[in-house]
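A.B. asks: These protein sequences, in sequence, are chains A and B. Quick note on numbering: the first sequence equals residues 1 to 253 in the working numbering. Quick note on numbering: the second sequence equals residues 254 to 584 in the working numbering.
Among the hints, a few may not be true.
Stated by the list, open to error - In silico lysine-lysine, DSSO-like type, Cα no more than 27 Å apart, as pairs:
| # | chain 1 | residue 1 | chain 2 | residue 2 |
| --- | --- | --- | --- | --- |
| 1 | B | Lys334 | A | Lys147 |
| 2 | A | Lys70 | B | Lys569 |
| 3 | A | Lys128 | B | Lys563 |
| 4 | A | Lys32 | A | Lys200 |
| 5 | B | Lys574 | A | Lys146 |
| 6 | B | Lys574 | B | Lys563 |
| 7 | A | Lys65 | A | Lys16 |
| 8 | A | Lys147 | A | Lys7 |
| 9 | B | Lys462 | A | Lys153 |
Said to hold, decoys possible - With the C-beta cut set under 10 Å, the calculated list includes, among others, these residues of chain A facing chain B:
| # | residue |
| --- | --- |
| 10 | Ser59 |
| 11 | Ser61 |
| 12 | Tyr63 |
Since the hints were made in silico from the structure, they are not lab data. Here a beta-carbon is modelled for each residue, glycine too, at the ideal position from N, C-alpha and C.
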Amino acid sequence: MSELLLKIEEVSKNFKGVQALHNVSFELVSTKIQSLIGPNGAGKTTMLNLISGIFPWDSGSIYFKGANIKNISPHKITGLGMSRTFQGGGLFGNLTVIENALLGFHSNYRPGLWSSMLRLPSNVRQEKKAYDRACELLRSFKLEDKKDMPLEKLPLSEQRLVEITSALAIQPSLLMLDEPSAGLNDTEIHDLIDLLFRIKETGISILLIEHNMDVVMNVSEKVVVLNYGGILAQGTPGEIQNNAEVIKAYLGE
Amino acid sequence: MKNVLNMNLRPGIYLVVISFSLIFPLFMTETYYLSTLIFCGINAIAVLGLDILISYAGQISLGHAAFMGIGAYTSGILSAKYGYNPWLSMIIGVSAATAFAYVIAIPTLRLRGYFLAIATLGFCVIMRVLFVFFHNLTGGVSGLNDIPSLSFFGISLNTEVRFYYLLWGFVALAIWITNNLAKSGFGRALKAIEHNDILANARGVDVPKYKKKAFIYSAALASIAGTLYAHYMHFITPFNFGLMESIMLVVMVILGGMGTRIGALLGAGIITILPEALRGMPEGETIVYGVIIVLVMMFMPAGLVGGVQKIIDIIKMKNEKMQNIVKGQYR
């Protein structure tokens with residue numbers, strides 16, 4: 001049932017002479033939770049930015065659902081069924097909660113100029129459909145009452161849920177989360193772990209960048225460790241925990 | 254923050270504006286006042302479109318007077334020199350301006366930052382030179398004369414009152430379509446781009462395409478305003494469509510309040526009426542503009558509509574505080 005969803009092949013990336021990633025290869029099989037960990041500056045977020053098409057990479061290839069996604073713009077990659085959240089919150093502060101969620105429907109329904117300005121029935125219908133689905137998603141996160149609130153009125157943990165709502169609205173096959181636990185307290189982290197399992201059960205694969213090792217070891221089936229822009233180790237959480245190299249990279253000598 | 258204007262006041266304001274503008278010509282038959290309001294309306298159409306580009310898509314254009322000019326000259330030349338039906342020449346004029354906008358949009362809107370502002374600034378200057386250069390067609394600096402009036406089911410709209418109603422019909426239409434656009438998923442995508450284009454792109458918004466469409470939309474509305482101006486004045490010169498006029502349009506957007514239709518009407522109204530009020534001192538005009546812009550930027554960065562909203566919010570907050578104090582006393 002599981003198939004190869006994402007394949008990274010010998011990818012390298014330089015930023016003005018600084019080598020951020022060097023010959024990185026790993027794979028992600030569908031309906032799995034896979035973590036990407038590593039010390040600060042190891043290149044985790046850079047990797048995510050390459051996969052989602054925000055930066056071009058120098059050499060190597062990335063395949064998503066079998067298609068090479070080199071030089072494809074981010075909105076098209078999103079349209080292929082990949083969505084992500086951003087470290088520090090990838091939300092639109094000038095939009096309300098539901099507007100943020102609704103934005104996620106853009107890759108499936110692209111409102112045109114004419115149909116929008118004339119309020120053609122097709123546009124009204126699409127908008128209504130997206131609105132209902134967004135409400136449904138927000139309800140599943142117990143955020144429906146707050147849907148018309150400006151984003152800044154929400155606590156951080158709920159803002160994070162809004163971002164995940166927006167990312168899920170895309171109906172992705174692959175969801176990439178960049179440090180979803182940052183700034184959350186223990187209870188909220190516990191809820192987050194539950195949420196990750198719930199998302200996985202709907203058939204969505206997750207690529208998780210995370211500093212909190214409790215979360216990583218709890219949820220992942222596979223862990224990839226980056227260090228200084230290269231792969232240090234990959235394997236099951238158990239293997240990684242006992243890997244001498246990884247321990248050295250994290251704790252220093 | 255925008256809740257009060259959204260919910261309670263908005264329909265009321267529209268009702269007042271609509272009824273006022275419908276009744277106005279009945280008791281105010283003096284041509285001068287009517288024509289001032291006609292200029293307000295013409296500018297309002299352009300500002301409504303420009304507001305979508307500036308406040309929603311977050312792009313600045315300093316060339317929208319040039320789009321007015323392309324619309325005005327195309328329509329004017331076709332109807333005055335070649336005897337085209339004014340309505341048909343209007344449509345051709347708007348199409349021509351839209352085509353220009355499309356061509357400018359392709360290279361500039363792929364890039365981020367202020368490329369559009371610089372490119373449109375250049376475009377505006379070039380177009381003004383071209384309006385003078387092709388004097389066989391445009392009449393050069395002495396202007397293009399004898400542009401015919403529009404007619405409506407056989408009634409020539411050659412009086413102020415008649416044109417006034419046609420124009421404000423156009424304004425109402427522009428408000429309606431702009432409002433639809435702003436409230437739709439299209440407007441939402443533009444707001445997302447304005448906030449953070451990289452993020453919007455990663456959420457699945459085709460950023461260059463939406464920016465391009467917003468630009469073309471604003472250029473189309475500007476050119477409609479331009480054609481209406483030509484058929485109202487019957488006479489246009491390159492001086493009507495210069496860089497200063499472009500900048501005034503941007504000022505109207507900023508003054509009125511970014512991202513609201515009422516703000517666009519207010520901004521266009523105030524900046525159009527102001528020079529009339531300052532007739533006595535031609536140099537004073539520039540000073541007053543400068544002072545207004547500085548004051549608005551300092552105290553009301555969200556424009557007049559945003560400023561009024563802020564005041565309403567403060568009053569509401571005070572009220573709530575008072576009520577809490579009163580409740581506390583009885584407890």
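A.B. asks: Are the hints correct? Go through all of them and say.
C.D. replies: Verification of the hints:
Distance restraint check for lysine 334 of chain B and lysine 147 of chain A: the Cα-Cα separation of roughly 58 Å exceeds the 27 Å cut-off, and the hinted pair is therefore not satisfied. For the proposed pair lysine 70 of chain A and lysine 569 of chain B, the alpha carbon gap of about 54 Å is over 27 Å, so the pair is violated. For the suggested pair lysine 128 of chain A and lysine 563 of chain B, the alpha carbons sit about 31 Å apart, so the restraint of at most 27 Å is broken. Between lysine 32 of chain A and lysine 200 of chain A, the direct Cα distance comes to roughly 7 Å. Compliance with the 27 Å bound is thereby established for this hinted pair.
About 23 Å separates the Cα atoms of lysine 574 of chain B and lysine 146 of chain A, which keeps this hinted pair within 27 Å; it holds. Of the pairs offered as hints, the one joining lysine 574 of chain B and lysine 563 of chain B holds, with about 16 Å between alpha carbons and a cut-off of 27 Å not exceeded. Taking the CA atoms of lysine 65 of chain A and lysine 16 of chain A, the gap is about 31 Å. The hint is violated against a cut of 27 Å. Our distance criterion of 27 Å between C-alpha atoms is broken by lysine 147 of chain A and lysine 7 of chain A, whose separation comes to about 37 Å.
For the hint pairing lysine 462 of chain B with lysine 153 of chain A, the CA-to-CA distance comes to about 32 Å; that exceeds 27 Å, so the pair is violated. Of the supplied interface hints, the one on serine 59 of chain A is violated, with its beta-carbon coming no nearer than about 23 Å to a beta-carbon of chain B, more than 10 Å. At a threshold of 10 Å, the smallest CB-CB gap from serine 61 of chain A to chain B is about 21 Å, leaving the interface hint violated. Because the smallest distance between the Cβ of tyrosine 63 of chain A and any Cβ of chain B comes to about 19 Å, over 10 Å, the interface hint for this residue is violated.
Hint compliance for this structure: hints 1, 2, 3, 7, 8, 9, 10, 11, 12 are broken, all remaining hints hold.
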